[in-house]
Amino acid sequence: MDRYVSPPLTVPPPAKHSTYDHVDLELHGLDHSGESFAVRAFVNDTEATAQTPTEGNPAYAGSFYVFGHGPCLGDEGHCEVPPGPVSPYDFRDPHPLTPQYQSLPITDTLRARAGGESKFTVTLVPVANRGGKPEGADLLYFGRLGLIAYS
Amino acid sequence: MPLTPLRAPQNPSQDLRHRVSVFNLTQQALTALRDAVAKMKPRGDNKGFEYFAGIHGWPQFRCQHSTDQGQAFLFLPWHRAYLYLFELALQDQNQQARLCWWDWPASRQAGIPPAYEEQDVEGQPNPLASGPLPQNVPNPPPNWSPTTQREPGNPAELPGQEVVEEVLAISDYYAFELALERQLHNNVHGWVGGDMGVIATSAYDPIFWAHHTMVDRLWSLWQSKHASPGPPPDTYARPLGFGKLTVGDVLDTKRLGYDYAASVQHVDVPAEDPHANHQH
Chain A
1 MDRYVSPPLT VPPPAKHSTY DHVDLELHGL DHSGESFAVR AFVNDTEATA
51 QTPTEGNPAY AGSFYVFGHG PCLGDEGHCE VPPGPVSPYD FRDPHPLTPQ
101 YQSLPITDTL RARAGGESKF TVTLVPVANR GGKPEGADLL YFGRLGLIAY
151 S
Chain B
1 MPLTPLRAPQ NPSQDLRHRV SVFNLTQQAL TALRDAVAKM KPRGDNKGFE
51 YFAGIHGWPQ FRCQHSTDQG QAFLFLPWHR AYLYLFELAL QDQNQQARLC
101 WWDWPASRQA GIPPAYEEQD VEGQPNPLAS GPLPQNVPNP PPNWSPTTQR
151 EPGNPAELPG QEVVEEVLAI SDYYAFELAL ERQLHNNVHG WVGGDMGVIA
201 TSAYDPIFWA HHTMVDRLWS LWQSKHASPG PPPDTYARPL GFGKLTVGDV
251 LDTKRLGYDY AASVQHVDVP AEDPHANHQH
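Top line first, the protein sequences correspond to chains A and B. Heads up: the first sequence begins at 1 in our numbering, then just goes up one per residue. Heads up: the second sequence begins at 1 in our numbering, then just goes up one per residue.
In short, the hints are calculated from the structure, not lab data. A quick note: this is a predicted structure, and the numbers were derived from the prediction, not measured. Heads up, the beta-carbon is just placed ideally off N, CA and C, and yes, glycines get one too. Only true hints are included.
Computed from the model, here is a short list of chain B residues facing chain A with C-beta under 10 Å: (1) Trp-58; (2) Arg-62; (3) Cys-63; (4) Glu-157; (5) Leu-178; (6) Glu-181; (7) Asn-186; (8) Val-188; (9) Gly-194; (10) Met-196; (11) Ala-200.
Derived EDC-like pairs: lysine to aspartate or glutamate, alpha-carbon spacing no greater than 16 Å straight-line: (12) Lys-254/B - Asp-15/B; (13) Lys-133/A - Glu-151/B; (14) Lys-225/B - Asp-252/B; (15) Lys-225/B - Asp-172/B; (16) Lys-225/B - Glu-165/B; (17) Lys-133/A - Glu-157/B.
If we strip away everything but chain B, and leave its shape as in the complex, we get:
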């Protein structure tokens, strides 16, 4: 089946968002991210933090992970679409807000990145330190609290760069996707522990979004390294459960308006008269 593209952007280079490591966020970018998350949290509508968290886990459980009934070909495309929509919701609150990625290998000494670990920022609660848990669940466990909790393990047990490189080197897409999901993604969820450690509540913790942005970045790196989008063409028309978005729509991050550029530099060229040097 032919790929039906999204509406082509008018100018693909215009406003391309560059997602950066949480360790490379400028103070301005971190402030914008915190501002957007803080504004999403109290909203009770479909622009709110709980609405998005509830898509992945309780109560909707629409996330796609590997099962015993087939290959996990929707794990990466589904989460890419999910992050894309969440980032747009962030920008509805603060136009400058961007998702950032959690560089796990860079956290093997300090653990949770300070941007997400600090409890207070300038005398106010850090919006990235925890998220609100729904309080209307029918059967809450005894330790159910108003906000998410973490129980991080030994930082040295986070995936190292060597393991990440081994996974990126896998040439078969399905084998790569399974290794990325089970060896890296699952490991980090369990390492953070607490509410991040289970599907039902993980997306209510703000660090979920930085964790999955890293997963998405690794898929993007794999795509460049192996010169392949990944999923086979016969999956492109498969809907992802987010309106019209299909697998084929999310293969190229630039079509969704972002990338993972290692560094970005713009040089403004002074305006000149284009005819100044012409000889008549």
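Just chain A, with the same shape it has in the complex:
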């Protein structure tokens, strides 16, 4: 997808009292089979796009970067990720395209944008380097979003 907008998320309980130490946004099962890209995260800005400024934007929570695998150069089946070891005797490393986990601290932005609210949204925007220019791209695929608060 070229953009992900979360459903309204509940502020983790400690946040209601602004006593949490830090909050991480987690992405599980992240696809990295294509080109490299950045993922920009915005809090309470459902309209954010690749053109939305990041400098000085209080909704911008930060970015993380995905090192893409690149195009599939192999023969048929080369880039198919098996669900796991094919037998108890299969000790090979995981397939290179095994989905990734990524996390991003969003503590300060969350405090500033949703400190007094019980619900907020997270918008994730993938941005690729195309010909030396940042450009929105249909690259963001993942299985689960996590919000982990630590007090």
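The hints should help you fit chain B onto chain A, whose structure is shown.
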């Protein structure tokens, strides 16, 4: 499990290689590096440039990065061993050749360092400007070319010194490693773009090696700053896929024959008769 060390060097201070910034290379050192890379490129054996590039990406894909299946504890040790073996292969071609590190913060105005950007050197193609791509891939994309290409972004988007310092300040090793991999390493791969921008072809671009030497240097700086090797002892016996080398073998750069000294100065002492000042 106890750490099984590599064969101890006979004289640890002898021939210790000092990897320097690409911006501080002497002309002699740059010439040696270019000479070694140029000699590796046409080789079709296991001393050749394509052989080493093919370990990281196509066709072997043995590089270690973070996945969804655990912490990325092999990212730094694996790449340190990989650089170590590549540097030895460089020296097989030119004994004076050394890896250099790409100081990203120092490139936030000019972008790709001139040593890697210049297309021609004294009328000859610059060996560091691009590398050969394998031409026998089964399923090449339409834009597959004989040599690597770059599409660098805005230099101001390279990591600044402040961001580098923030990452170095992280005390937990796993958190440091993940931040170094994802926030700095991944970012620069994508910033260079083109073939450097994807795992399959990145190591075929000569600047890959300067980029990863910077990553390795930051691990070395972190080790000094936090007085810790990083990986926990229960990972030391883990093989890295390069012969006998294990995680424990690559924790100390000096055991591998190099360091990242900020400056090096040697003063030769004139030979004297050791008994000259003795009174009898």
